[in-house]
Each structure stands twice: as structure tokens, then as C-alpha cells.
Amino acid sequence: MAEITACSGNLTGLEIADALSKRFAEGIKINSASPKRIFSQVDKEIFLELCKFLKNDLLFDHASLVSGVDRIDRIQAVFHITSYINNCCLIEIVVDLDHEEPEIDSITPLWEGANYHERETYDMMGIVFKGHPDMRRIFLPEDTRFYPQRKDFKLKEVP
Amino acid sequence: MNDNPNAVAMNSKDFMKWSTEVIDDVLRATQAKKVLDKLMLPFWNWSQRNSMYPLHFGLACCALEMAASSGPRWDAERLGIIYRSSPRQCDVLLLNGWISKKVRPALRRLYEQMPAPKWVIAMGECSISGGPWYDCYNVVQGADTFLPVDIYIPGCPPRPEALIDGFLKLQQKIKAEAKGPFLED
Amino acid sequence: MADMWVNMGPQHPFNHGLWNLRVLMDGETIKYAEPILGYLHRGWEKSMENRTYPQIIPLSDRLCYGSSMSWSHLYCMTMEELFDVEVPERAEYIRVIVLELQRIVSHLLWLMAFGVDLGNLTVMLYVIREREMFLDLLQSITGARMTYNYPRIGGVRNDLPPDFERDCIRAMDYFQGKIDDYEKLCDGSKIFRIRTEGLGVVKPADAINLGLTGPNLRASSVDVDIRRDDPYSVYEEFDFDVCTHDACDTYARYRVRMDEMRVSCDIIRQALEKIPDGPVRVKVPRNAPKKSVVARVEDPRGEGMMYVVGDGTDKPYRLSVRSPVFVYVSAANHMLKGHKIADVPSVMGSIDMCLGETDR
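Chains as they are written, first to last, in my numbering: chain L, 2 to 160; chain E, 576 to 760; chain B, 167 to 526.
Since the hints were made in silico from the structure, they are not lab data.
Mixed in with the good hints, there may be bad ones.
As the list claims (entries may be wrong) - Restricting the straight-line Cα-Cα distance to at most 30 Å, the calculated cross-link-like pairs of lysine-lysine (DSBU-like) are:
#1 L:Lys37 to B:Lys503
#2 L:Lys157 to B:Lys503
#3 L:Lys37 to B:Lys344
#4 L:Lys157 to B:Lys369
#5 B:Lys369 to L:Lys155
#6 E:Lys693 to E:Lys676
#7 L:Lys131 to B:Lys503
#8 B:Lys369 to L:Lys131
#9 L:Lys152 to B:Lys369
#10 B:Lys449 to L:Lys131
#11 E:Lys693 to L:Lys152
#12 B:Lys449 to L:Lys30
#13 L:Lys53 to B:Lys457
#14 B:Lys197 to L:Lys30
#15 L:Lys56 to B:Lys481
#16 B:Lys503 to L:Lys155
#17 E:Lys676 to L:Lys157
#18 B:Lys369 to L:Lys30
As the list claims (entries may be wrong) - Listed next, the stretches of chain L that the computed footprint assigns to chain B, with coverage defined by at least 3 CB atoms under 8 Å from CB atoms of chain B:
#19 15-29
#20 78-89
#21 125-137
#22 144-157
Each residue gets a CB set at the ideal place from its N, CA and C atoms; glycine is no exception.
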């Protein structure tokens with residue numbers, strides 16, 4: 002089908018996945034796509050451009066969740082974004098980051114709802130979001146030196 | 576010092592000094608204090624235990640059962656329990672919910688802002704000993720690590736009847752302790 | 167006159183839960199509002215990595231204690247997707263009945279707190295009385311008044327008690343007259359209307375951008391409901407209205423929740439008619455496959471979501487929770503700018519905050 006540059010709504014997950022693979026041929030890998038869910042893995046370099054395409058052309062308007070997973074040799078940042086116009090279709094974007102200094106572009110300038118989620122991910126996992134208006138800890142005190150959600154932080158065992 | 580014998584026109588330091596001279600020392604010297612204490616103690620004690628004012632402070636889940644206990648079904652107000660918003664007007668600090676390390680200094684400050692005599696009730700498993708969050712890095716394992724607790728109400732969450740039972744036990748404790756002399760020594 | 171920072175919290179009669187709202191005031195007008203969270207943070211997501219999958223069910227109740235059934239149901243739904251089990255149909259219908267009862271209970275709890283904030287104490291006492299009626303119904307099914315521990319991975323714990331249908335319909339018939347009473351108490355009160363109309367206005371485009379979901383989004387006239395648009399469980403079988411309102415202010419949020427309570431009664435009646443016979447639970451394997459899943463529901467407060475990564479053992483590798491109220495707190499500055507400080511309880515109370523899920 003023709004490349005989508007602006008849609009008017011009602012696309013299914015399969016059409017959206019198609020449009021994404023055509024536009025970003027190398028940086029994105031679609032793991033699976035169904036009418037209301039798309040699971041994908043994206044490279045860090047094209048991430049911000051992909052988000053702008055999702056927002057402006059494919060009309061994804063609600064950032065549902067931003068979180069991180071510590072996979073020992075790398076840290077993954079996971080984004081879930083919803084499109085109300087396209088029948089509440091949900092896309093999951095997983096980005097692999099370096100374990101020592103995880104950094105990625107912030108999506109807060111595009112979707113303001115991701116503001117506190119990114120601060121929480123920084124607090125818990127240590128991922129720094131470049132371009133975030135207020136990148137500081139939210140739950141733990143400012144001078145805490147550990148990131149609780151990482152796998153090298155162990156909780157105490159039952160005595 | 577202001578030589579004004581009219582008590583209404585004094586500032587507070589002068590008033591304290593005047594009342595110590597005129598009332599306190601006289602009563603102590605003539606042994607009338609002991610008689611007054613013995614007479615008034617049952618009355619003060621009765622009024623303290625029948626008008627316990629807890630602090631309007633809901634921490635977590637147990638706070639919903641605290642709210643339900645002041646509803647029409649288990650009316651806590653018939654026991655004299657009225658929730659006040661300011662710690663300066665309370666005598667009971669009711670801890671309901673897990674205590675995190677960030678709120679611990681604020682709770683200690685609230686406890687110290689309450690005037691004596693005061694009591695602390697730990698409601699629910701989390702404030703007794705940390706509850707289900709035994710291995711969490713941010714939860715204080717029990718309120719008695721930093722506050723003197725008088726009554727423990729177990730449950731997760733305790734039913735409103737259990738909370739009222741806890742208040743009744745506190746009433747028995749106040750009666751047995753017999754605090755509240757007429758003048759502090 | 168110089169600007170002044172005022173701390174509203176952590177102990178303050180208006181905030182339901184432990185959080186601090188620092189406001190920068192010029193006289194009585196708010197110039198900037200900054201929420202400070204973390205007073206109830208217990209590291210829920212990290213602690214759950216130490217527990218087996220069935221052990222997490224009662225602890226997921228304690229995420230948001232105002233609507234605990236909704237969170238344990240969300241957890242069980244995510245696990246069923248991870249383990250790839252099919253829940254029996256009778257269990258799905260029972261779940262819908264219990265979830266809608268929980269929605270009514272949660273909205274009544276909100277109305278109780280909202281009434282207290284605005285000084286309408288009569289509403290608070292009437293609402294607690296009706297809420298006890300629904301808590302009795304839930305207690306007859308699950309055994310508890312608050313954190314129920316009722317859904318299981320693969321169904322629900324036990325079947326409905328005998329005579330439940332008769333008791334439930336009797337309760338709902340009585341309750342529908344009472345909702346009219348609450349509306350008369352609130353709408354008929356001039357003070358209530360002055361204190362809620364025109365405050366905390368969030369335009370539809372701002373609401374979507376700020377991440378508002380659930381009743382707060384529908385009160386800004388955006389027609390989205392996850393039960394209808396991205397259906398889960400057996401919500402496709404039911405025919406119900408989605409309540410929206412055009413005013414975009416605090417009064418609209420109040421109105422949407424009152425209408426939602428009526429819609430929930432409607433759904434429960436339909437479910438009681440259509441419920442089939444059959445088992446209520448299936449067995450589930452002990453170890454999870456190595457994959458990641460995501461599931462979302464329409465919580466009484468908004469859109470709740472869980473993202474789980476399984477790693478082949480009987481404990482989760484990563485469990486991530488999306489709390490709707492966490493995002494509303496970030497929108498506090500947008501909603502409160504330019505208002506007077508006496509409007510803070512009214513605006514923040516209309517959002518229906520529950521701090522257990524915010525701080526996790």
C-alpha cells in the first residue's frame with residue numbers, strides 16, 4: 002500500500018506496522034502485530050524521529066507508560082504509546098541502551114503525560130532522558146546514591 | 576518588671592511568675608495540693624478517657640477503615656472520639672498504614688507537637704511491624720522503633736469493630752494509669 | 167507584596183493520602199504548584215521480584231486500596247496473558263459483576279471525600295451508609311470489606327453465594343433512588359455549584375496531552391472508554407453508555423462519576439441475567455515462559471496498566487505498573503494556576519486521588 006504521511010484515523014495495528022517498516026526500514030524490527038497491539042524493537046538513533054512520525058502522521062496521542070528493564074548486560078527502556086483515533090491501538094517500543102551510562106531522548110516535549118514517568122524511571126533505574134524539562138528524582142531523596150530497580154541492588158532476605 | 580497586680584493586663588512570662596508565687600507555692604506549702612489532686616484525679620481521668628481526640632491523619636489502607644468507623648454504622652463519636660486536624664488539639668496519634676523513611680521525621684515532629692498527656696495507637700500490621708513489606712528498602716519496620724506505642728491493633732486491615740475495641744482498651748489503660756494531677760510537679 | 171511558598175501537606179485535611187503540594191502564592195492567588203511525592207513509596211515493583219506469582223495477588227490489592235479489586239484483577243489478567251490460559255466464562259462474568267460493584271464503591275468513597283472537602287458533611291454520612299450496603303455484598307462473596315484477595319490467575323477463588331442475585335438486585339433498586347438524593351443535595355446547593363463550576367478547566371487537547379484518562383478525560387468531552395474501545399474480559403457482551411460531559415471543569419468530573427454509578431448498576435443487571443454455569447477456576451503452571459506482556463483496564467480512576475517480564479522461574483523478572491493518578495498529580499500545576507488557594511481542595515478532590523498507587 003502507499004506510504005502513509007497523514008492519516009485520518011481508524012487504522013489497524015497491521016497497517017500501522019506496515020507504515021513504520023516502510024518508513025524506517027533498518028532501525029525498527031516488528032516482533033508481532035495484531036489489530037490493536039504492535040510490539041517492536043527500535044534503535045536508539047532513530048527513536049526520536051520515530052516518535053515524531055507517530056505523533057504527527059500516525060496520530061498517536063497518549064503516552065501510556067515509560068519504564069525500564071535491567072538485563073544485566075544492557076538496560077532496556079520500554080515505551081507504550083496509545084492512539085485514541087486509531088481505535089485505542091497500543092504500540093510497545095523497546096530500546097536497548099548501554100549499561101554503564103544509559104541515555105535516551107525524552108518524549109516529554111511531544112507527550113506531556115510522560116513527564117513523571119520519565120522522572121520515575123530515572124529514579125528507579127538510572128536512565129537519563131535528554132531534553133526533559135526537570136530531570137531529578139521523584140520518590141527517593143535527592144542525595145540517594147543507588148538505583149533500586151537495578152539487579153545489583155539486593156533487598157534484605159527474610160531472617 | 577511590671578508592678579501591675581491585675582492579672583488580665585500581664586504578658587505571659589509575668590503571668591506565669593505571678594501565678595507560681597500566688598497559687599502554686601502556697602498550695603504546695605500548705606499541703607493543699609495533695610488534697611486537691613486526690614479529689615480531682617478521678618474527674619480529670621474520666622474526662623480524658625471519654626474525650627480522646629485523634630489526629631485526622633490517614634496514611635494508607637487502614638485509614639479507610641478509620642473513616643468507616645466514624646460513619647453511621649459504627650459511630651465512633653458516641654465514645655467521644657472527634658478527629659481534629661491540628662496536632663495541637665489532639666491527644667491520640669492514630670497510625671494507620673506503612674511508615675516510609677521520608678515521612679518518619681514528619682511523624683516524629685507531629686508527635687512532639689501534641690501536648691501531654693498523649694497516647695499512640697498502632698493500627699494495622701504495617702505500623703506494628705512493617706507488615707507485608709518486610710523486605711522493602713523504604714519502609715520502617717514498626718512504629719515502635721521511633722515512637723512510644725501504647726495500643727497495638729492487629730489486622731490487615733482491622734475491621735472498624737476492632738478499631739473501636741482498641742479505643743476501649745485505651746480507655747481502660749488511661750483509667751489504670753491514673754495520670755493527670757491537678758498541677759505538674 | 168512578596169511571594170510566599172506554602173506547604174499543603176503531608177498532614178493536611180484536604181489531601182487524601184500522604185503527599186505535599188507546595189504552592190507559590192501572590193496574596194491568595196496561586197502562581198505555581200509543585201507536588202512532592204514519595205511519602206508512601208515502598209518499592210512495590212522491586213519487592214514483587216522476591217515473591218512467587220500467586221503470592222503477589224493480595225499485595226496487588228494494596229496498590230490502590232480504594233479500588234483494590236480492580237488492581238488484583240489487572241494483575242491476574244496480565245498473568246493469564248503471560249501463561250496463556252483461558253479463563254472459564256462463568257469466572258469472567260463473576261469478575262465483571264465484582265468489578266462494577268467495586269467501581270460503585272470507589273465512586274462512593276470519592277463522593278464521601280469530595281463532600282468533606284467542600285464542607286458538605288451530610289453527603290459524607292449518607293454515602294458511608296450506602297457504601298456499607300455494597301461492602302456487605304462484596305463481603306458475602308469474598309469474605310473481606312476492603313482488600314479482597316479474590317481474583318486468581320485462571321479465574322476467581324470461589325463461586326457466588328446462594329441468593330446473591332436477589333440481594334444484589336434489592337440493593338441496586340434501593341440505591342438508584344439514593345443517587346437522586348445525593349444529586350439533589352449537591353446540585354441544589356448553591357455553594358456547591360459556585361465552588362465547582364468553572365474551576366480547574368482542562369480543554370480536550372490539553373487533557374489528552376497531559377495524559378489524563380478515565381472519568382477526568384471524559385469530563386473534558388473526549389469520548390474514550392477502554393471497556394468499549396479496547397475490550398477485555400467479557401465487556402463486549404454488554405451494552406452500556408459511555409458518560410461524557412462538555413464543561414471540562416470540576417463540576418463535569420463530579421457529573422461524570424455520578425452517571426457512571428448508574429451505568430455500573432445497569433451492567434451488573436445485564437451480567438446477572440447472562441451469567442452461564444460452569445467452573446470458576448482453572449489450573450495454571452508454576453513457571454512462567456520467557457516473554458513480556460502488557461495488559462490494561464479501565465480502573466475507576468483511569469487507565470491502569472501492567473507490564474510483566476517472565477524469565478522461566480516462578481518469580482517475575484520485572485513488574486511495572488502504570489498508575490493513572492500519578493499522571494494527574496503531574497497536571498496539578500496546569501489545573502491550579504491562577505486559582506485561589508481555597509479552590510485547591512475542590513479541584514484536587516475532583517480528580518479522585520489515591521496515593522497508594524501513585525507512590526507505589
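Hints, one by one, checked against the model:
For the suggested pair Lys37 of chain L and Lys503 of chain B, the alpha carbons sit about 37 Å apart, so the restraint of at most 30 Å is broken. Taking the CA atoms of Lys157 of chain L and Lys503 of chain B, the gap is about 44 Å. The hint is violated against a cut of 30 Å. Using a Cα cut-off of 30 Å, the hinted pair Lys37 of chain L and Lys344 of chain B is violated, with the two alpha carbons roughly 40 Å apart. Between Lys157 of chain L and Lys369 of chain B the alpha-carbon distance is near 47 Å, which puts this suggested pair outside the 30 Å criterion.
Note on Lys369 of chain B and Lys155 of chain L: the hinted pairing is violated, with a Cα-Cα distance of about 45 Å set against a maximum of 30 Å. Taking the CA atoms of Lys693 of chain E and Lys676 of chain E, the gap is about 23 Å. The hint holds against a cut of 30 Å. With a C-alpha separation of about 27 Å, the suggested pairing of Lys131 of chain L with Lys503 of chain B holds against the 30 Å cut-off. Only pairs whose Cα atoms come within 30 Å are accepted, and Lys369 of chain B paired with Lys131 of chain L is accepted, the gap being roughly 29 Å.
Our distance criterion of 30 Å between C-alpha atoms is broken by Lys152 of chain L and Lys369 of chain B, whose separation comes to about 42 Å. Between Lys449 of chain B and Lys131 of chain L, the direct Cα distance comes to roughly 46 Å. Violation of the 30 Å bound is thereby established for this hinted pair. Pair hint Lys693 of chain E plus Lys152 of chain L does not hold up; C-alpha atoms about 44 Å apart against a cutoff of 30 Å. Restraint check for Lys449 of chain B and Lys30 of chain L: the C-alpha separation of about 35 Å exceeds 30 Å, so the hint is violated.
The straight-line distance between the Cα atoms of Lys53 of chain L and Lys457 of chain B is roughly 28 Å, inside the 30 Å bound, and the hint therefore holds. About 46 Å separates the Cα atoms of Lys197 of chain B and Lys30 of chain L, which puts this hinted pair outside 30 Å; it is violated. Note on Lys56 of chain L and Lys481 of chain B: the hinted pairing is violated, with a Cα-Cα distance of about 36 Å set against a maximum of 30 Å. At most 30 Å may separate the alpha-carbon atoms for a hinted pair to count; Lys503 of chain B and Lys155 of chain L exceed this at roughly 42 Å.
With a CA separation close to 16 Å, the supplied pair Lys676 of chain E and Lys157 of chain L stays within the 30 Å bound. Proposed proximity of Lys369 of chain B and Lys30 of chain L is contradicted: the alpha carbons are some 37 Å apart, above 30 Å. Residues of the segment 15-29 of chain L lying with their CB closer than 8 Å to a CB of chain B number 0, which falls below the three-residue condition for coverage. Taking a C-beta to C-beta cut-off of 8 Å, the segment 78-89 of chain L contributes 5 residues in contact with chain B, enough for the three needed, and the coverage statement holds.
Counting residues of the segment 125-137 of chain L whose CB falls under 8 Å from any CB of chain B gives 1; the rule of at least 3 is not met. Residues of the segment 144-157 of chain L lying with their CB closer than 8 Å to a CB of chain B number 4, which satisfies the three-residue condition for coverage.
Comparing the model with each earlier hint shows violations of hints 1, 2, 3, 4, 5, 9, 10, 11, 12, 14, 15, 16, 18, 19 and 21; every other hint is respected.
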